[in-house]
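For the protein sequence lines, the chains are R and F, in the order given.
Positions 16 to 757 (the numbering used here) are the ones given, in order, by the first sequence.
Positions 188 to 646 (the numbering used here) are the ones given, in order, by the second sequence.
FYI, nobody ran anything at the bench for these hints, they're computed from the structure.
Fair warning: there could be bad hints in the mix.
[Stated by the list, open to error] Quick list of in silico lysine to aspartate or glutamate cross-link-like pairs, EDC-like style, CA-CA up to 16 Å:
no.	chain 1	residue 1	chain 2	residue 2
1	F	K281	R	D737
2	F	K589	R	E652
3	F	K440	F	E461
4	F	K589	R	E705
5	R	K642	R	E652
6	F	K289	R	D724
7	R	K719	R	E697
[What the hints assert, rightly or not] Ranges of calculated distance between the beta carbons of each label pair, as one might list FRET restraints:
no.	chain 1	residue 1	chain 2	residue 2	range
8	F	Q488	R	F279	28 to 38 Å
9	F	P541	R	H120	39 to 49 Å
10	R	A512	F	P541	48 to 58 Å
11	R	F279	F	G623	43 to 53 Å
12	F	E490	R	R755	47 to 57 Å
13	R	F124	F	E490	15 to 25 Å
14	R	F124	F	L256	57 to 67 Å
15	R	G35	F	I608	57 to 67 Å
Every residue, glycine too, gets a C-beta built ideally from N, C-alpha and C.
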Amino acid sequence: MAESPLNVLLKGNTGRNTRGLLRIIILGTIAAAAVSSRLFSVIRFESIIHEFDPWFNFRATKYLVQHGFYSFWDWFDDRTWHPLGRVTGGTLYPGLMVTSGVIYHILRFLTIPVDIRNICVLLAPGFSGLTALAMYFLTCEMSTSPSAGLLAAAFMGIVPGYISRSVAGSYDNEAIAIFLLVFTFFLWIKAVKNGSIMWGALTALFYGYMVSAWGGYVFITNLIPLHVFVLLCMGRYSSRIYISYTTWYALGTLASMQIPFVGFLPIRNSDHMSALGIFGLLQLVAFADFVRGFIPGKHFQRLLTTMIIVVFGAAFVGLVVLTVSGVIAPWSGRFYSLWDTGYAKIHIPIIASVSEHQPTAWPAFFFDLNFLIWLFPAGVYMCFRDLKDEHVFVIIYSVLASYFAGVMVRLMLTLTPIVCVAAALALSTILDTYVLATPGPNPKAKVVEDTSSEPLRSARKPDVGITSYLSKLVVTSSVVIYLLLFVAHCTWVTSNAYSSPSVVLASRMPDGSQHIIDDYREAYYWLRQNTPHNAKVMSWWDYGYQIGGMADRPTLVDNNTWNNTHIATVGKAMSSREEVSYPILRQHDVDYVLVVFGGLLGYSGDDINKFLWMVRIAEGIWPDEVKERDFFTARGEYRVDDQATPTMRNSLMYKMSYYNYHTMFQGGQAVDRVRGAKLPAEGPQLSTLEEAFTSENWIIRIYKVKDLDNLNRDHGNAVAFDRGHKRKRATKKKGPRVLRTE
Amino acid sequence: MMRWCLSFFLFGFLAVVNALSSSGNRLLVVLEDASEQSNYSTFWEDLKARGYDIAFESPKNDKLSLFELGERAYDHLLLLPPKSKGFGPSLSPKNIVDFLNKDGNVLLALSGKSTTPSAISSLLLELDLHLSTDRSSIVVDHFNYDTISAAEKHDVLLLQRPGQLRPDTKSYFDGEGVLALPRVAPHTLGDNILIAPILRAPATAYSYNPKEENAAIEDIAATGSQLALVSTLQTRSSSRFTLLGSVESLQDKWFTATVKAPGSGKETTTVNQEFAKQLTAWTFKETGVLKVGKIEHHLAQDEITAQDLNPTIYRVKNETVFSIEVSEYSYDKFVPFELPADDALQLEFTMLSPFHRLKLKPAYHTENSTVFRTQFTVPDQHGIFSFRVNYKRPFLTNIEEKHEVTVRHFAHNEFARSWKISGAWVWIAGLWSVIGGFMAFVAVWLYSEPTSAKVKKNQ
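Please put together the full structure from these sequences, using the hints given.
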């Protein structure tokens, strides 16, 4: 963004009011840029809800708008997790839907008739503008430099790490949660600085909103206590900290417990114990501080040591006893997988199977943050130079978020805000040093700063260079170039990588024009229009939300993976022989089975590639019946061609994927373009299912589950009879004849 | 125009009057030799008297087809044993199975006089009914034969009419009198649960191939009561297939024949005509047809309005009433269905597996139906449940009713209030004592505000 140097140039020459106005205009522009850069997806494709989870949120929002808040609160959803159903109202974070609902009703009240879909689509871009604003406030708390806040706001507005979760149509919890995260942190810093109950209460209020919006609230729940703990360890206890923390903890915990999904977790779950522990510790410290006024130093030392040992010992024993006895829930699996990246793969395949739970690849950091990633350490270093309470917060946040972002791709999102803050701090210092030094006398703060950090002084440019126009020009122009490159990179990444709805796929024709592959919607609308309203559709859980949202049909499992056994049941049905699968399908009233097959188009995200996860998850529950090893050849290869193992070839998933596929090709030349495998000339036979629908590019294939045979024959025999094969008389049975007695 | 309408109306009216079967009156009789038709004239007269519209066709007729434009052209099919290799292409096993699958009813009669064609054998194999390997055996019984007509060969069986198959089934073929079954082609039954035997051979009977002189005794497929003479298969969609081992028993000659059992038996006339009526009436759905009328479920409360009926959603622990109206067709009208003595109509409330399995008790009768009812408490488990009535008995058409309802959890305002739970009183007392204490503290604090502001600053 070109505003920042411009802003810096104008500083000092114009009056305060002009600068204030300019600041507002700049912030407005930043917000506008943030919103508009997220509209690529609407322009490229259409105003459509993206991906998977947003479809559920969208459906829930529609329910909320249609039935009102209380029935949403008590919503029992009988169209997912058939036949278990889902207590949806009590198992979701309602913040997002309620926010959209409120906006919808306000617009209605203002007689602006807006479709709820458009509100949902544009909610994330709208909130990204607010995030930029919140970022400005947060960074302004960290630095005295006028440009830091604006730079941070600009960075936050367009950084791909945040855009990835907030393009138009990406109607997910993160859409509003990042704003709430940043704003809560701003309020917290404000509270710590002022030691005011008001700011503490506001922090708690926004923390409550955050809890209602995103499961990532646990990050705040742990970061704030950690901040306080570190401050205590640094010997910085003050009544400001006491007031702000206790206010936040008491009110925030109460607020969070109002969300049914959270309920009593804050006092029972280990993830929340640090906040409780710090709350207790703070009381002790406050008490010790109070006692110190009355007791001489030596006695006090002894008293303090004894007290610490006794209290910590008692607390530790209490924690262990409560955890063992089950009053406090043990750490959740997702928590363990944060510390041990191999944990999920071994113990909870359902978590490991989600691509966003994989460890981050290194290039992703540069891809998502561009030049901010190397300004980030510099900014953290700046915080060390000027180690106030809020800078401690930045340092802790940076360390924690960097680690988490390395462990899980998804947590790049929590890293992004602090990267923006730190990078803005670093860059504003550079700009202040090089741009502001020449026109007037050096600000006094700079002199103080220079003397205070003597040993590291050599790493920076000496003050002497600043007076020269050449070095000023070199540095500012290189910064401007970096900023321009950053903008170019962000725009490119946004338009190319993060704006695809993934419901609709785009490909390029040979002449360069765009070709839309719309198989998903084609198939979902087929289901919607050609099947009874109550027809149960079984698919792998990835597509559950989309089927619920677009096809409006009940599903067995969906992306809310609350019941691992039910998912494993679907996995077993998919990975077993037809004879095993059919009773499972019957028992669960399945009418249609949907599979995603990319072999014809070379679409790699298909079910055969996800198949091993289904096998693993099923194996977790039925280790005797489903074995991952059976799906690999003797040489340990995962194959689908004529070398495929019999278990693989007989599995329902394989059969459904390749059923009739060979008829697309001449003379047994069937090729799977994803796996680059030549398929056997004879395709698989299905007897318990019949093909109902295959989309244009064969991406989605839907099969109808046959009813029991009218004559009570085996399905295999019935199909053989229909094909004209005569049944062999089975008279040569071994053993005694079975007599009918009735 | 008026006349057309009137004639259509009259035609339809007549059809209704005549259609005594519950599933149509178009009967196709496949008869290879037209000259044989006269042998069965009483039988045809009986059927016509009961309202059937009989079409006689030869299997050799090229235009013969069971279907027209994908729909059944006939409601019922009566197959007399062919002399040639089979019934030809229009009556191939596959067509007959399709006919059954489209709810057509089939009565297949075999004859021990000639070898049964392999096409029929393979059809029966699909139904899990098995003929002897040589397909030309007949049943011989040296203790229950007609001494008048088969004094030498012992191949005319004299049997009592069958009673109840099991204690929990109804009997549609019972009665007094003696049946004469000449030259029965026997069959054995597979373990297909849809099969129910009507008439089995006596324990002393065995199957014997008269054409093979030195039949090995060890090769006998089945003897005694394992040999079935008349059997039925009712498909899942309740279409019916009956296999009659002896076509001759339908002939005029045997309708009026006088028979005498060996020993001291006296001469009696057969009841073949009555049995043939029972057999065709059952096969062509004049008897043993159940119809489900109203199905109602609602909360157990005193006043039920139309809106309270059949709700789509219940809450856990609701008290619920379920009722089902069942009538049975008996020759020409629906009558209230009476359960066999040892049987029960059951309601299951299931999600994956039954949470309740309850006997439905007859609550009251209407003119032509019985209403069964039960009351129960919805289990404490939310989910998508179904009311299921799954009543499948031999000789009765299947009742398979499945009505999905959602069982939801308690809504936030449906729990008992805290003061109504005695266990919560401790906590409520604690809560209010804290509140009271705080208020008292504030009051004291405000009242005794110190003069110096120093203390406050330290806070």
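Indices of hints not satisfied (ascending): Of the numbered hints given earlier, those the structure breaks are 2, 4, 7, 11 and 13, listed in rising order.
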